[in-house]
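Enquirer: Read off the chains here:
There are 4 protein chains.
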Amino acid sequence: MKKYPMDNEIEISEGLHEECGVFGVYDFDYNDVTSTIYYGLFALQHRGQESCGIAVSDTKGPKGKVELYKDMGLVNEVFTPEKLERLHGNIGIGHVRYSTAGSSTRENAQPLVINYVKGTLALAHNGNLLNALELREELSYTGAIFQTTIDSEVIAYHIARERLNVSSVELAVKNAMKKIKGAYSLIIMSPRKLIGARDPFGFHPLCIGKRDNAYFLSSETCALDAVDAEFVRDVLPGEIVTITPDGIMSDLSMCQEKKAKCIFEYIYFARPDSNMDGISVYESRIMAGRILAKSYPVEADLVVGVPESGNAAALGYSMESGIPYGMAFVKNGYVGRTFIKPKQEQRETSVRIKLNVLAEVVRGKRIIMIDDSIVRGTTSERIVKMLKSAGATEVHVRISSPPFLNPCYYGTDIPSGEQLIAYNHTVEEIGDMIGADSLGYIDANRLSEMVHGNLDFCDACFTGNYPIEPPVIDIRGTQG
Amino acid sequence: MKKYPMDNEIEISEGLHEECGVFGVYDFDYNDVTSTIYYGLFALQHRGQESCGIAVSDTKGPKGKVELYKDMGLVNEVFTPEKLERLHGNIGIGHVRYSTAGSSTRENAQPLVINYVKGTLALAHNGNLLNALELREELSYTGAIFQTTIDSEVIAYHIARERLNVSSVELAVKNAMKKIKGAYSLIIMSPRKLIGARDPFGFHPLCIGKRDNAYFLSSETCALDAVDAEFVRDVLPGEIVTITPDGIMSDLSMCQEKKAKCIFEYIYFARPDSNMDGISVYESRIMAGRILAKSYPVEADLVVGVPESGNAAALGYSMESGIPYGMAFVKNGYVGRTFIKPKQEQRETSVRIKLNVLAEVVRGKRIIMIDDSIVRGTTSERIVKMLKSAGATEVHVRISSPPFLNPCYYGTDIPSGEQLIAYNHTVEEIGDMIGADSLGYIDANRLSEMVHGNLDFCDACFTGNYPIEPPVIDIRGTQG
Amino acid sequence: MKKYPMDNEIEISEGLHEECGVFGVYDFDYNDVTSTIYYGLFALQHRGQESCGIAVSDTKGPKGKVELYKDMGLVNEVFTPEKLERLHGNIGIGHVRYSTAGSSTRENAQPLVINYVKGTLALAHNGNLLNALELREELSYTGAIFQTTIDSEVIAYHIARERLNVSSVELAVKNAMKKIKGAYSLIIMSPRKLIGARDPFGFHPLCIGKRDNAYFLSSETCALDAVDAEFVRDVLPGEIVTITPDGIMSDLSMCQEKKAKCIFEYIYFARPDSNMDGISVYESRIMAGRILAKSYPVEADLVVGVPESGNAAALGYSMESGIPYGMAFVKNGYVGRTFIKPKQEQRETSVRIKLNVLAEVVRGKRIIMIDDSIVRGTTSERIVKMLKSAGATEVHVRISSPPFLNPCYYGTDIPSGEQLIAYNHTVEEIGDMIGADSLGYIDANRLSEMVHGNLDFCDACFTGNYPIEPPVIDIRGTQG
Amino acid sequence: MKKYPMDNEIEISEGLHEECGVFGVYDFDYNDVTSTIYYGLFALQHRGQESCGIAVSDTKGPKGKVELYKDMGLVNEVFTPEKLERLHGNIGIGHVRYSTAGSSTRENAQPLVINYVKGTLALAHNGNLLNALELREELSYTGAIFQTTIDSEVIAYHIARERLNVSSVELAVKNAMKKIKGAYSLIIMSPRKLIGARDPFGFHPLCIGKRDNAYFLSSETCALDAVDAEFVRDVLPGEIVTITPDGIMSDLSMCQEKKAKCIFEYIYFARPDSNMDGISVYESRIMAGRILAKSYPVEADLVVGVPESGNAAALGYSMESGIPYGMAFVKNGYVGRTFIKPKQEQRETSVRIKLNVLAEVVRGKRIIMIDDSIVRGTTSERIVKMLKSAGATEVHVRISSPPFLNPCYYGTDIPSGEQLIAYNHTVEEIGDMIGADSLGYIDANRLSEMVHGNLDFCDACFTGNYPIEPPVIDIRGTQG
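Protein chains in written order, with the UniProt record's numbering: chain A, 1 to 480; chain B, 1 to 480; chain C, 1 to 480; chain D, 1 to 480.
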């Protein structure tokens with residue numbers, strides 16, 4: 001169930017999927033930015049392993065000429081040196097998209113590049129619209145045609161139509177934002193501008209960076225680090241930033257009081273070395289471990305984290321409780337996209353192939369095992385069993401998030417109710433089902449302690465408090 | 001300069017490129033049609049080697065669910081068994097597109113599949129619109145966005161918009177046809193209908209076939225033969241045919257008196273085993289040879305054709321003149337897409353690598369060499385030189401078409417004036433330039449003899465008599 | 001069953017397979033020869049489509065350093081520009097190998113590069129040894145190990161062992177030739193020498209070419225033409241030629257009186273534009289047609305050849321009989337290695353997909369159809385049926401070879417007795433089985449007329465007169 | 001610089017390379033073992049990322065029929081489902097080989113499959129021979145030819161030759177072992193036997209496992225875990241084990257008193273969850289950390305390990321010193337084989353792309369950073385700099401091995417003297433060069449504490465005490 005540094009562990013994990021990562025750069029000194037985007041996307045790979053793409057343009061070249069390449073696969077699979085060498089430009093955007101089985105297609109990869117009345121636009125989008133179906137229908141009735149099933153196409157349409165009435169792309173973006181409802185962190189490239197926009201709730205992160213005479217937009221700060229850029233600031237919820245050689249223009253007219261930043265970005269999605277809206281992901285995880293230690297103490301010999309995302313919380317638990325921190329697991333990092341999953345009848349269990357227990361560490365010990373979440377429960381059950389087979393005398397499971405009870409409509413792939421073990425089982429029942437000697441989840445009302453007491457967060461998947469009313473029809477799965 | 005059976009001879013040839021081939025099938029017995037489309041496209045491969053695609057649907061399945069796969073490459077390169085096995089349906093369309101260097105992209109491959117107000121449509125298009133730019137602009141001003149640069153997207157938009165006002169797809173197609181101007185043979189798949197349409201001038205071919213309880217639409221009859229289907233009839237210029245389980249509906253209301261079928265389909269593009277609008281391609285080429293023999297007789301020992309397309313005309317010349325027919329060339333049929341072209345400085349000439357002369361045949365002989373056309377003249381020059389090096393004492397070149405003088409706006413890739421050797425050289429000069437002892441082209445006013453005296457043909461590339469006024473801006477290169 | 005220009009038509013054809021083609025070059029001016037070998041192999045592709053390889057060395061570089069690349073596939077599939085660019089040298093050899101289903105492996109591709117007591121050798125071999133099994137066994141008993149199943153490995157071992165006793169590679173080759181029995185045309189590259197050797201019977205061709213300061217060895221002259229080299233002479237049966245900067249040394253001590261050149265090279269295998277041992281392949285085929293016309297005349301309206309290899313004989317038949325020559329077939333040249341073969345239950349017959357009849361040509365006519373051979377009879381049956389369906393009133397089949405009755409042990413993939421239709425059927429029965437109105441084969445005793453009355457040929461597959469006694473155990477399928 | 005779970009980090013690391021991993025299985029119940037070998041190799045991937053291969057046979061099938069597939073690449077790249085499905089058998093062996101730039105070739109991949117006097121053998125070899133050159137030369141003088149440059153070919157030859165004189169393969173293996181000198185852990189598959197052999201010094205590990213009615217041989221126990229097999233015992237240094245349906249025969253006649261197991265297997269190569277010769281790799285690393293804490297104590301705030309291999313030693317240091325353990329680094333696990341390395345001139349440093357510092361963790365702290373080794377020093381320098389840029393006030397580097405001073409001739413890719421930073425610099429100088437505030441290496445004379453006081457180890461790379469005299473000529477780089 002672990003995430004970062006992750007390894008496409010679809011097979012063993014009950015993995016939750018972030019929808020996307022976005023990255024953009026505009027170099028005013030006319031240096032080629034293609035490989036910079038490549039490294040930026042590489043640092044955001046954990047946000048999406050299904051497909052990726054890069055669109056670049058030369059702001060000195062013919063206006064509107066955009067070079068695009070996108071395909072299914074990891075960044076280092078899609079962008080071979082040959083492919084990368086064909087792309088040139090001093091402005092560009094990139095995108096990584098998450099991987100689900102089957103439904104994904106090359107057509108749905110991003111960035112989306114369109115030609116419209118005022119020229120060319122490229123879009124990269126992280127999030128999920130709630131009124132996309134209505135908007136598609138409305139557009140349809142005016143004769144619009146759709147070639148993908150992603151929300152980004154709906155956004156593009158609205159920008160294109162609004163552009164007829166206003167004098168700049170950024171104003172068109174603002175007018176489009178008035179119509180679209182939901183979660184979106186957007187990077188838009190027009191022939192001479194790089195535009196970033198974040199929905200008024202700020203569900204997903206977006207930040208600004210700088211290196212010499214180049215400006216960056218990125219889902220996470222870790223991608224700025226990777227390209228040696230300095231973090232400038234976060235894009236604010238509701239803000240539209242327009243980067244041109246004249247500077248960064250900020251339009252705050254869509255900002256609103258209520259924010260709803262996704263708390264699960266801190267728990268699981270984001271890279272621990274990222275900082276989002278002023279809060280360190282790593283520290284929020286350490287804090288989660290501390291909260292767990294205070295809420296659900298237990299006598300034990302060792303605290304271990306399920307790699308990788310459980311490690312920081314385990315360290316926090318250890319710090320708070322004084323129980324030693326240990327490494328109980330070895331993970332096989334070679335699982336790639338084409339890894340052949342063991343069949344059911346095969347003896348080799350898929351968890352064991354990717355995660356092995358260090359028997360020396362756990363033998364004869366009472367273990368506190370920290371993980372970030374339980375979705376269906378099968379992976380947790382297997383890992384607990386592995387620990388016990390290796391000689392652990394007790395296994396106390398602590399989860400650095402509350403139980404999942406509700407689907408997410410803002411861009412996270414949380415399964416619907418029946419598939420969630422917590423949906424129709426008590427915590428005690430779950431503990432029994434996974435074979436734990438005790439089980440503790442972070443209480444939903446203590447989540448804010450993870451993030452400096454901040455209350456601007458969305459915790460709907462745990463509490464059902466949806467900042468935007470969920471749609472009647474399930475619209476999940478069309479996320480950018 | 002030869003075409004069929006061709007071998008992707010971009011490198012040595014001055015090859016003219018047909019734009020596309022289209023194929024569709026609807027099986028009322030619910031058999032899977034995917035492999036049938038594969039073989040149909042394979043038989044149309046000579047009409048386009050750049051990219052290909054197949055879209056299929058199950059008329060019993062969820063309405064509007066279309067499975068699509070398309071990519072750059074030949075039919076047998078793109079559709080590996082694995083790819084083919086993923087496509088299922090009893091209705092489907094396919095497309096092959098021609099190959100040019102560089103400008104081609106995967107986005108522009110066809111069929112185009114769109115979602116619109118009334119569901120899903122897939123389109124395959126052969127031809128070229130003359131007012132596509134205007135139409136794009138118009139659409140743009142209503143907020144349309146474009147993700148490809150092909151005319152088919154413009155057609156799709158119009159059908160989608162017209163569908164708002166009328167009660168069926170075929171009526172929407174008709175209304176769209178009232179707006180689009182140019183050359184198009186279209187196959188459209190809606191969830192329960194297969195529709196074929198041909199522009200009122202009938203520039204490019206389209207025919208109907210039948211096998212058991214399945215109906216076909218195809219650019220050429222040779223693809224019907226390949227799938228063992230019977231030829232039913234040609235789609236008429238201006239006709240819209242709608243194939244449903246209830247039968248084939250025909251709407252003739254767009255038909256007009258004036259026709260302008262591309263004469264070059266007979267001279268070069270089409271496969272010799274195809275029959276188009278009642279005329280055998282093979283016989284029209286035999287007749288071309290006979291016309292040449294009558295117009296430009298010469299004393300000689302042997303008539304030879306430049307393979308493959310020159311062979312039939314050479315045989316016709318031989319029949320008419322009584323001079324024996326011979327085979328002077330051996331062609332290497334293994335040249336594939338990735339063939340490495342010799343560099344200029346290399347001794348191996350690229351013509352020689354693909355075409356060798358049978359010295360035994362030509363040594364000491366006066367040769368009449370028949371080819372279908374001369375574009376830039378360089379290939380002809382090399383072939384004449386090869387014949388002479390092999391011992392031919394005289395080489396009289398006869399061309400089974402008139403000199404190219406004008407660009408084509410209806411879907412053929414004829415270079416613009418300056419690149420055409422005939423543009424600023426007399427026939428005599430050209431003969432000298434290519435080293436021929438004499439040179440004769442078919443006279444433009446005798447072309448109709450090739451096609452049974454029929455005058456319904458477009459010969460604008462030779463005569464400049466454009467059936468539709470050429471556009472002010474050059475719109476070539478966006479053909480479907 | 002047609003061969004050249006062929007199209008890998010394994011599926012539809014009863015195709016007989018030549019085993020291999022070899023090509024070598026030594027450039028004394030130190031030019032890189034890699035691409036020259038590429039083009040040479042490309043011209044020999046018809047001799048083997050299974051696998052190919054190139055080994056090159058720099059005669060100025062470290063002695064014995066050989067760069068090798070080989071893999072399954074056609075020349076233009078295996079040697080992408082990237083692969084080709086990694087090979088450098090002024091001396092090199094190449095090989096193409098034929099394709100069979102299943103048994104072929106990358107390990108068995110050639111050239112074979114070995115390290116042995118005196119350094120490095122690369123070998124390319126066309127032919128088949130008769131005593132390879134015994135030699136392998138003998139070698140085994142001295143502790144030899146084998147990593148391939150090709151005869152070339154046995155030859156390499158013998159050269160390596162003989163080299164211990166003699167002062168030069170070419171002497172070692174001669175001593176090895178004393179031990180190996182069978183058919184072989186060999187090209188051997190040592191660090192500073194290019195050696196060619198042909199077995200004393202001269203079963204398969206090998207010739208010498210020259211271009212500027214570079215010397216060539218090639219299976220066929222067509223490959224010399226392709227690289228613009230001049231034909232110098234054939235390597236004689238039994239001759240060993242050693243090419244060094246000092247000149248071409250010839251060792252004739254292994255020559256013998258009795259020769260046995262494969263007659264089927266002329267009938268089918270070789271390219272018509274090649275000349276072998278002083279005889280034009282094309283002319284021998286024309287002559288075959290003439291012989292057929294004299295032996296098996298029939299009243300008819302048209303003579304047609306099954307493309308490609310039947311065309312020349314058809315022309316010869318027409319010349320001799322005065323019956324007009326025509327083209328009855330159109331062949332689809334796009335069939336590549338990955339072409340998906342129709343399943344039995346599919347309506348599309350595989351012959352029709354690759355070969356279509358020109359109905360206009362044959363309708364109402366009495367046809368004489370010339371093919372080069374009949375193996376199992378199924379393809380012939382299908383083609384006759386296609387002609388009749390297209391309206392031919394009579395189909396008289398003439399075969400430009402005698403009936404196959406015996407397997408070949410010298411390098412041709414002729415199936416064993418039971419699979420040969422002629423093995424247990426009379427000519428009349430065969431004619432009935434394939435639906436022909438009459439059937440005539442060239443009489444075995446007139447074969448010599450094809451080749452200028454020359455009697456130095458092997459016709460064992462037709463007559464059973466084996467120049468070397470066949471082995472007790474069937475050793476076919478290990479050919480180089 | 002880290003190893004396990006590693007990520008092909010050739011680019012950023014000064015990585016030392018283990019040569020190979022071997023795995024074999026014999027299922028007496030005739031279950032197919034191919035996928036079991038796949039998972040076994042996958043668990044051994046850290047021992048070699050250059051190439052891999054699997055050879056299987058059916059002990060009920062035709063004697064000596066071996067199916068083999070091998071190629072360059074990681075296990076999950078080489079063995080796609082299609083490739084794996086083609087291999088069938090109930091006995092088989094597999095191999096992974098390490099990756100170096102350039103010199104590696106497909107020919108050198110293993111297993112090696114040979115045909116010899118007694119049938120077929122497949123070999124997989126981990127180690128390096130010291131007298132391979134002499135043995136090759138000797139073999140050469142008897143006419144042997146070599147098609148690879150790997151030692152395994154030399155071993156195969158000797159087994160083949162010895163087999164002429166003795167009655168079983170295992171006796172031939174023993175006799176071959178008398179001739180070969182060096183490090184080798186061998187798995188050999190004959191048609192009906194699976195044989196394991198370990199050189200008398202026991203340089204590299206080899207162990208036996210069991211699952212139901214199947215027996216296993218493996219380089220490390222972690223691969224037994226991955227396939228759910230039980231560890232039975234280690235193969236002893238000098239032992240030959242022969243697994244047949246009759247049981248496991250053990251031949252101890254080659255065993256000797258002196259052992260020399262590679263200590264670096266514990267420090268770096270092996271997976272921490274493996275147990276070798278009775279010693280847990282994980283515990284030996286914890287112990288290394290403890291030794292360092294005792295030998296080189298320092299006042300600090302936090303102990304961190306360079307992931308992954310430094311983590312266990314860091315934990316040990318923390319335990320011993322009482323200084324808290326922390327995680328300072330985030331590693332990007334997505335770097336695959338085709339990852340594009342940043343060019344020198346690019347701002348993005350390659351270390352930063354793969355490893356980022358958690359600034360929150362290190363800011364304002366005195367850090368003890370544990371790594372397993374320093375080879376050239378450049379990576380250590382960069383990591384220290386990253387820590388200081390992130391705000392660490394002091395960085396004390398502790399290395400869980402002594403300084404490298406000497407090359408290894410037994411199968412490890414340690415560069416030669418000049419490239420080793422410790423070769424001509426004192427520890428103090430090195431500390432200065434990498435920017436550390438202090439630097440401590442484990443003392444060579446305390447190494448035995450890591451492994452329970454055991455003295456049967458080879459530490460030649462640190463001490464120069466070579467258990468077998470190094471050869472005069474450098475023979476490294478031909479390892480299996």
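Hints were generated in silico from the structure; no laboratory data involved. The reader is advised that the hints may include incorrect statements.
Unchecked claim - From the structure, some residues in chain B lie toward chain A, with a derived Cβ separation under 8 Å: (1) 116; (2) 144; (3) 319.
Beta carbons are placed, not taken as given, at the ideal position from N, Cα and C, and that holds for glycine.
Enquirer: Against each hint, give a clear statement of whether it holds in the structure.
Expert: Structure-based check of all given hints:
{"no.": "1", "hint": "116", "result": "holds, 5 Å"}
{"no.": "2", "hint": "144", "result": "holds, 7 Å"}
{"no.": "3", "hint": "319", "result": "violated, 52 Å"}
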